[in-house]
Amino acid sequence: MSSRASAVSNQEIPGREVTMVDALRAALREEMRRDKRVILLGEDIGVEGGFGGAFTVTLGLSEEFGHHRVLDTPISEAAIAGVAAGAALAGLRPVADVQYGDFLFLAMDQLANNAAKLRYMSGGKLSVSMVFRAPVGATTRGAQHGQSLEAFFMHVPGLKVACPSNPYDGKGLLKTAIRDDNPVIFFEHKLLYGSKGARKEKGGLQVVGWVPDEEYLIPFGEAKIVRPGRDITLVANLLMVHKSMQAAEILAAEGVDAEVIDVRTLTPFDWETVFQSVRKTTRLLIVEEDNLTGGWGAEVAARVADDCIGYLDGPIRRIAAPDTPVPFAPVMENFYVPSVEKIVGAVRELVKVHN
Amino acid sequence: MSETKERKLFMYHRMLMCRMFEERVYYLFLEGRLPGTIHQSQGQEASAVGVCSALEDKDMITSTHRPHSHAIARGVSVRSLMAELFARETGCCRGKGGSMHVGDMEAGMVPAIAIVGGGIPLAAGCALAFRYLEQPNIVACFFGEGATNIGTFHEAVNMAAIWNLPVVFVCENNKYAASTAVEKVMRVKRVSERAMAYGIPGETLDGNDVEAVYQAMRKAGSRARAGDGPTLLELETYRFAGHSRSDPGRYREPEEVAAWKQRDPIARYEAKLLAERVLEPAEITKIKTSIERELEAAVAQAESDPSPKPEDCLSDVFAS
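Each protein sequence line maps, in turn, to chains H and G.
Heads up, the first sequence is in this note's numbering, so the first residue is 3 and it goes up one at a time.
Heads up, the second sequence is in this note's numbering, so the first residue is 6 and it goes up one at a time.
The following block holds chain G by itself, in its conformation from the complex (with noise of 0.2 Å):
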């Protein structure tokens, strides 16, 4: 198999699992199985699988309140993930993390950060480090339109940019601040324009195309690479689902959601992939029955895996 069509194939499985993962989380919550609150990433596969399919090993990403899309495109373990939300010890975070602070920097994701822009300035140490290090490394860093309003997003932007340091700053404009919409608290059209501020390129795409996504990342991870600095992509997107589990999301219309289901990264993919013959009709079900199988596989482990002890509560707070 050719590389490029390898990459394609593992880029759907990856997109279709995150899609998978997050509609079996919802039933699961529906369920009252697992705890807590989730924010889930339906309709945003696309940025997530691209920039993450466009990184190299030991690279770093950063993520929000919105993570497990970010974490399975990453490749932390889908079990760690199911685990972690079933607030088991075997968790990636040990039960410690739960949904908004999933992570593993073992896997190349630092925990995720449920603060709006929080993670900004991490993005930046991390890529400091790299560079200081000289490990050929970059961090994409994620966040939605709504972070470009906080003052981390200055503060780290442009001190990444005034030190050129190996980071891209990865923009999900999903037109949405929990509810409130981009148009009411940003007078720019596009969050890619707020660049110039940093003389860096900003550029803005089509966020549910997930090889204009990855083709994208490959150029401004590069440029990072080659110690040119940071860019800031704004992928527009979706997400198909309320902010969080309790938003039934009645502040969007009926007829915006509709057109952007008919946008469905995974679909359209789907229908391309079809179209180039690099995946064939048979394979589609094989591939979801897989992946179905692998996510009951985790539920399963993570229903049976141990919970934490109560008083594990006390550990980890200091480095011994």
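Isolated chain H, as found in the complex (with noise of 0.2 Å):
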């Protein structure tokens, strides 16, 4: 399927149709261009004949850049992410990454503990910043390599967290994150990668999305509303954004009218969006990939309980993967991970019930 989120395409401005991969690599590229102080670091990222990190996003940016600006790491993760941040402070702006978002927890302390908190203990007289981009999302490779993580790092003070669903914010957001003074986790879904290539993945979606040729950036903390609507609001991220979108096809086709809401940024926050959203169709449904308890929906939830429970006409639901770890089998994961029905089906109960 081609998904066609960006929905900024100009005729009159040039541009093209690229995969997430392209875009985030365009993103790297042009930030190296432009800013010596940008390096990267990971593993496997810059090895000739290799294969540009896990997901080909860094390939042939060696070739570029050469290998002092594109550093191959051992399987060192908490020494990656600490080595950025401490080049973060003494002026580098380093793009580090893990190979599957699950590895971020070898990197915990050096992101929670330091990169987070400098700032902060240094009463505001030093800045971190750096980038450490992460693949989540279940991929039928089981529980160490498919979890969803972007709850714990919103949780921590002093991080900033992106989640871009599509090539035209995942360029102009991974640009924003690498010219921002703050520690940014940039959260990539590997079935957005795009479904073709050396490291396509099964079931992967073909992303195609828009980019101009021109050079634009995409601030943190200002949600899209992807699809206007009237009768409830879908808030989601990443994959669900996607899957939002295809059960908001088919409830229209129902006659329920489903706006959906693309966060974009974690943190910060756009509050305003889904809180004026949620005033007009007085309805919420919170669609995440992440384990249910605890997950970002969670606080989502409890923000519109605080801000607008007085124009709800009905109760706040969350679809989530189920309070289990990411299962192998696929009859499994189908199952664990949010599907369009779950969503249709939630919508059609939110609707039907309180109408």
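Keep in mind the hints are simulated off the structure, nothing from the lab.
Since the structure is predicted, the reported quantities are computational estimates derived from the model, not experimental observations.
The beta carbon of each residue, even a glycine, is placed where N, CA and C say it ideally should be.
Don't take each hint at face value.
Straight-line distance between alpha carbons at most 30 Å, and here's what the computed BS3-like set of lysine-lysine pairs gives [to be verified]:
hint, chain 1, residue 1, chain 2, residue 2
1, H, Lys127, G, Lys314
2, H, Lys127, G, Lys180
3, G, Lys180, H, Lys38
4, G, Lys180, G, Lys224
5, G, Lys277, G, Lys180
Far from chain G, by Cβ distances over 12 Å, these chain H residues were calculated [claimed, not checked]:
hint, residue
6, Pro16
7, Glu33
8, Leu61
9, Glu66
10, Glu274
11, Asp309
12, Leu314
13, Pro332
14, Val333
15, Ala348
Assemble the dimeric complex from its two separately framed chains, guided by the hints.
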């Protein structure tokens, strides 16, 4: 399937259709050309004859920028994160990555105790301008290569969290992340990288998005209404934006007009866009791939309840993964990951019962 | 005054400042005038001062939960340190750091990292930036022997080694990780043996001999600055105080403590400088009096300095 979530295509401006991988690589390339302080750190990211990182995002960059700017590291996630933070303190703008988001736990102390807190602990004197890219999402790799971890990092003061759903946002947000003076955890969904090429994912969406040739940035903290609607608000991120859009199309045929909001960044979070939407539609369904308990959706539910409860014509509902590790068997994984059918079903209930 | 004599007197003065600062802070705690906890470094002054005296302007250090002497040795202002311990807005971290996070990058010290081993990757990262930016600077990375058992030591030393980063890893082996004796948690006899695992030089030396520490650091620093990569220096030393303010140190034999006090780095250096006629007996009192006055002024200033406002808690989370 093809999804054009960017919705900014303008025939007047030159541009082209690209995949998420193309868009992220272009963002890295442009920022590295623009600013010598930008360096890349990660495992297998620049090896000749290698694969440009686990998902080819950095392919070709060591050839253009050299190994002093595209640093292949040992398998040392804590040091990757801490070295990136230290280099940031001393004036660089490192973009580090882990091959799978699950490995972030190995780097957790450096991210949560050092990168996130050094500005605060120094009384605002220091800044840690680094980006840490991390692929997430269940893709039949089981429990240690498929988690969705956004909520862990949303909970840490001092970290920004981005989670683009399409190439246009991916490029614009990554460029913004690199220029940001704060540590940014940048989540990428493995099924959104594209379904073609050397590292294609079974079941991957061929998400192609129009991206202008000219430079653009997307500010953090601005959610996007990817489908305006009147009857219910669906709030989602990453892959779940696409599933919510598919659900919205099915619901439209039934006369239910769903508004779909792509949060784009979790920290900072664009509460106002969500609140305004809920006040208009009076119903809210949050869709996330994270485990239900303590997921970012719980925070959205709490804030909406706090701010908009008088506007609501029904309970706030969440569709999330159950509170289990990610299973391997495709039949179980399909049950685990929120599906279009589950979203449609939940919306039908909310609209029917409380109409 | 010759450069050597000047340096020796400087190191003596700095060590005394470290000691007298810690003693002053100890009594301030006993009197209930300071909040929080403290990890004191009496007895370890030679490693802090020997290492930092061998650094150049714009070189950087990283430190630990026991950072006071490192900060003083690196030249972080005593007033800003004292004010931080008093939780004042004028503190080096504006009251947001406290004892375990003192530092000032303008003075060449990353705010201290109080998770054991947590600062080692930061040191390697700063060193990476120095080399990348073609700055002729190095990083001295302080940690205790206990930190060499944590994963970040392995990961960051290895990374610094394979990339020949300009960093010197300074292990202050004070024999105890909190209350746990080093022999219980390490099969090797010397921490410096661990350098072999990374293909870098490792050296164990008397960490209470400030001159020896200084010379070893000059050598390791020159090597790092020349692009030849890191060195692991193991400085054998001892903390006279407990691990933290609540620790009476019952896990150490009194004889052991007494024996190490015989090797007091400051008394030893003082005797050496007197013998070399670098220092005259009459000067000692003068130096101590001047330090006493400086500390007195720092305490008085800190006590009268403004406290942060409660709601200042909300700022400095993000750079805007």
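Status of each hint after checking the structure:
no., hint, result
1, Lys127/H x Lys314/G, "holds (18 Å)"
2, Lys127/H x Lys180/G, "violated (35 Å)"
3, Lys180/G x Lys38/H, "violated (44 Å)"
4, Lys180/G x Lys224/G, "holds (25 Å)"
5, Lys277/G x Lys180/G, "holds (26 Å)"
6, Pro16, "holds (34 Å)"
7, Glu33, "holds (16 Å)"
8, Leu61, "holds (22 Å)"
9, Glu66, "holds (17 Å)"
10, Glu274, "holds (18 Å)"
11, Asp309, "holds (20 Å)"
12, Leu314, "holds (30 Å)"
13, Pro332, "holds (35 Å)"
14, Val333, "holds (37 Å)"
15, Ala348, "holds (35 Å)"
Checked against the numbered hints listed earlier, the structure breaks hints 2 and 3; every other hint is satisfied.
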